[in-house]
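Residues per chain are reported as follows:
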Amino acid sequence: MNAKTKILEVNGVVMHYRLSGGRSVRAVDGISFSVEEGRTTGIVGESGCGKSSVAGTILRTLPDNGEIKSGKIYFKHGEIAGKSGMIDLFSLSEEEIQKIRWKGISMIFQGAMNSLNPVRRVGDQIIEIMRYKDKISKEEAQKRLERLCNIVHIDPKRMRSYPHQFSGGMKQRAVIAMALSTDPKLIIADEPTTALDLITQDRIMEEIKEIQKELKMSMIFISHDLSLVSEISDRVIVMYAGKIVESCDKRSLFREAVHPYTRGLINSCPRIRGDKGKLSGIPGEPPSLSSPPKGCRFHPRCPYAIAICREEEPEYKEMGEGHFSACWVVSDG
Amino acid sequence: MANLFEVRGLKKYFPVGTNLQFVNLKMFHFQMKQRVFTKEEEWVRAVDGVSFKVDDREVFGLVGESGCGKTTIGRLIVKLMEPTEGDIYLDGKNIVKLSKNELKDFRKNVGMIFQDPYDSLNPRFTILESVKEPLDIHRIGEREDRIKKVVSILKEVGLNPEKSFLKRYPHELSGGQRQRVAIARTLIVNPKMVIADEPCSMLDVSIRAETMKMMIKLKEEFGLSILYITHDISEARNVTDSMAVMYLGKIVESGRTDDIIENPSHPYSKALISVVPDIDPDIKRGKIELLGGVPSSSNIPKGCRFNPRCPYAMDICREKEPDYIRVEKDHIASCHLL
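Residue numbers (the numbering used here), protein chains in the order written: chain V, -18 to 314; chain C, 239 to 576.
Just so you know, the hints here were simulated from the structure itself, not pulled from any lab data.
Please note: incorrect hints may appear among the correct ones.
Below, a list of computed lysine-lysine pairs in the DSBU-like style, where the Cα atoms sit at most 30 Å apart [claimed, not checked]:
| # | chain 1 | residue 1 | chain 2 | residue 2 |
| --- | --- | --- | --- | --- |
| 1 | C | Lys291 | V | Lys257 |
| 2 | V | Lys259 | C | Lys455 |
| 3 | C | Lys346 | C | Lys317 |
| 4 | C | Lys540 | V | Lys259 |
Chain C on its own, in the form it takes in the complex (with noise of 0.2 Å):
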């Protein structure tokens, strides 16, 4: 399988307090560059440093908890901001720097499903609207093709009767089917990837399984590479095929989803599969206790980040940054257990 997506090096960093620093103060007719806060220009290091590759029809996970940068990562790949440092590359192509036309194309190529239906759609629009609008946009086929194609796309994602939502707004549609909206409206394009940023947590119970299998089913049927956030490792057990986990603007572990799950590596994967609650009674799940709790992404610790939390720390996870260390084939992990 050929690698359709690439990441490499990325990192992100947000300014905190540097905004007040300088300050024109207008008075008594003369303007003054005053410097009114004298505070050091700290950083947030939300992405610091991460790389992972994407094959072509696949399911790639992201997971972690929140502040991890999960979120952000998927931000920066659809260009809904700049990285500080780093390269993404789709199909070869190095898509960080591009041209506006480049990026209506890009924009076509890439698509991205939020977590919050709610907030998604365009409250104003009809249901009909808000999916045909990608494709007015891209200026794809003809008018009224382009209606056809909305209703065979809202039939794709399980709307039942497709033509009965045309006409109605986002608020008369439950919380489930507005995903499946928001979904339809993002593959009408046929992208060649699409970013899910938590597509089911706001989901009921019920409806989440049956939107995760959806979205295998039309990841099969459109051929798409799909990168799926989400926090909760058990959903990424199931929809996806490889996945990372990260921990502080890093990637910590990844590797083949099976894998990382049956025989997690970084103590923090470890943890973070242990404290999944089961319904069965009789699973007895062995337990990591962390430390703590999740130190600020400004004030990332020396040498390896987990080690605050770490129930195995040594001497050297407090001075040296650990490397990735291959545990087996497409499996790394950075810990200096290894």
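Okay, chain V solo, but in the shape it has when bound (with noise of 0.2 Å):
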């Protein structure tokens, strides 16, 4: 693929949640990244990095006390409301975003556990949202039911069972194949594999990748696990406190990632290939969000930080091709 056509593009967006008293977190402060078509674009990054509150910005489903602040972002969509091309998703109205949801970007959302109705049939659950999002009549959903099924391995018999009737692994599946439902031209995965075993885990990752490349989907994986979103992903996007603090193709970033945070990543994972090398973890804790640190959020665990990290933000800048980097010990070589 050479023309690079963005199906996605998320343009310094500020996202808080606002807190009693006048406070608020700064869930995600200031946050760019493009997702190119037929692409997956991997977010990582620990609990509370605000990962998936930028889910929640794209979607618009954030809880009442999310306000987006400032910035833009632009979906490569057919027409609606009388625009077309890319439309600036935080001006369109409720209703008109409602369209986008699940026909343009649909979720997989975490814990496959939570997202099902427990006194409704697996199989009628996404017929639902297939009605009712292409209007079509029973028996066409039916058999759409049927070809979703095929992709995602479930036998079509068992989509009449109630979800506690599935396991794990089948529940995640028929999340899977809800969101595919629709035909979405971008699925945001949040953490689809996060409550299962590593085995099942590994076939739904196996199926996913499968089916991204038979349908030619874009999709933004959302996981705190560095080696499944490096596996998964073509681009990947280090987030911390708030911020994307490196961003870089997924083969640079194992060996050419510069920021202290990636490299203190990278070696907090224990590995099963390869040399067992050194285990190190990152010193301290995550900061709080409704107060960061002064200057580079990451200086008070960073062991390279000197006097002006402390005192002001570090730019995000182009360190190489396509390899992006917000720290002031890197920049200046």
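The task is to assemble the complex, starting from two chains supplied on their own in separate frames and drawing on the hints.
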């Protein structure tokens, strides 16, 4: 692929959660990235770094106290509300964005255990979405459901079961089928395998990869697991405390990552192959996002911090081709 | 090295549905004992004949997927439940049947670290109270010494500055700090052995590695043996000296950790290793496709319990349960292929 067309462009988005007493949590603090058509962008970070809030901001499914402060998100979509091409998602009304959800961008949620309705048959829940979004007949929806079952490897007969009769892996497959049911252009997968066993996780990941290749879908894959993200993504974005600290091609991540946080994460991952090496974590704890440290947010935990790190926020700069990083020490050489 | 701890033929079965068999019906002023549900007695064979030894100052890993019985073994060892069959020895002494006094002494010697640091600390206790409580219960040292001991152990587990934590409550701490408090509380009575049940799985990646490192350091300093229960075989590789891989209530392979990782013999261990994702995109991992999912432990397959999922299953695997075969020194596996 040479002509890289962007399907989603996120530009300097700032999103805060309002707290009582006028305080706020700066969950997403000036984030820019883009997703290319047919490619996967991975977002990796620890809990509370704002990675799931990015997903909520894109789909505008934030809780009531989530407030989008600034920035723009453009999504390539057919005509909607008289606009076409790259549509500014923040300019759409609630009704208009409703048309983008599921049809344009759909989501595979974390913890499939909780995202299915326990008192309704799994198949009916998927059919409901197709009929609501695509206005198709029951028979047609049923046919499409069977096709989906083949894609996610569930016996179509099992679609008459209730969620509690499914194993964890099957529930996750059903949720994936649901996300695929409306033929979306972009899928956001938020920790889709977190609660699963490793063997099941591996199989689901293989299936996601296959489906993505087959349907040429674009995807945002969110996870705390660096090795999982680097296996599935084309580009990897590393988030820390509401900001992107580094982003690069997955090939260069492992060997050429420069940000001390990314390096720390890589060294924290226990590995099963190759040299056992020395496991080293990152000392300290991630900061609270309601009062993040001054300067670079990583400086209190950074072994290389210098005076300027404590004072000024580093700029998010291009280090090499397609390799961006925000670090004072690295940018000075 | 002497072995400090040994489990022989441990079994734990849980009944299913038996509670409902007899119901006292009190009606029309007379009592009637009636068989209401005529369900046959079924058992979940959570732990189904497990034997292993843990050496002095060794970290021994129990690795397996959820439902394989690893947590049940941990709970049996700390006597949170009684085994259906089998023996557990600590320092050569069988601990399955203990008197009340012996039990108290036993609890001092064997500690447990739970998975969820949000649940395992009393929210109404300050950190000082939580960590000091075991000293009070076992009447160790004088009152003032106890506080000093708490301070020194908090320092030991890397809570810095240690004095600032004394008056705080668990909700003020992060997950990693709480787990450190839980570890301090377990270690303060100087146990010989600690059962750590997924101590890192709830923690963030960067904190997890620090916690693992700390546990290894503490093992050296306190001369501990640790039974390290985890679902993550790469974590086991980094923490344990020896390990056992479990499947559906049984050990399928055990030996020195490095031997198992480099040269796994059982198809299940091979599969477990092959599914771990890697950060290095250039590493190709040989995949072993397993068939289907884990069967229920109330309906364990005949023959080798792994046979329905095994890509190499032969006729004999469906008939006869395999014995343990010695692959190399200290490395055993139960598979008909060997």
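- If you check each hint against the structure, which ones fail? 4
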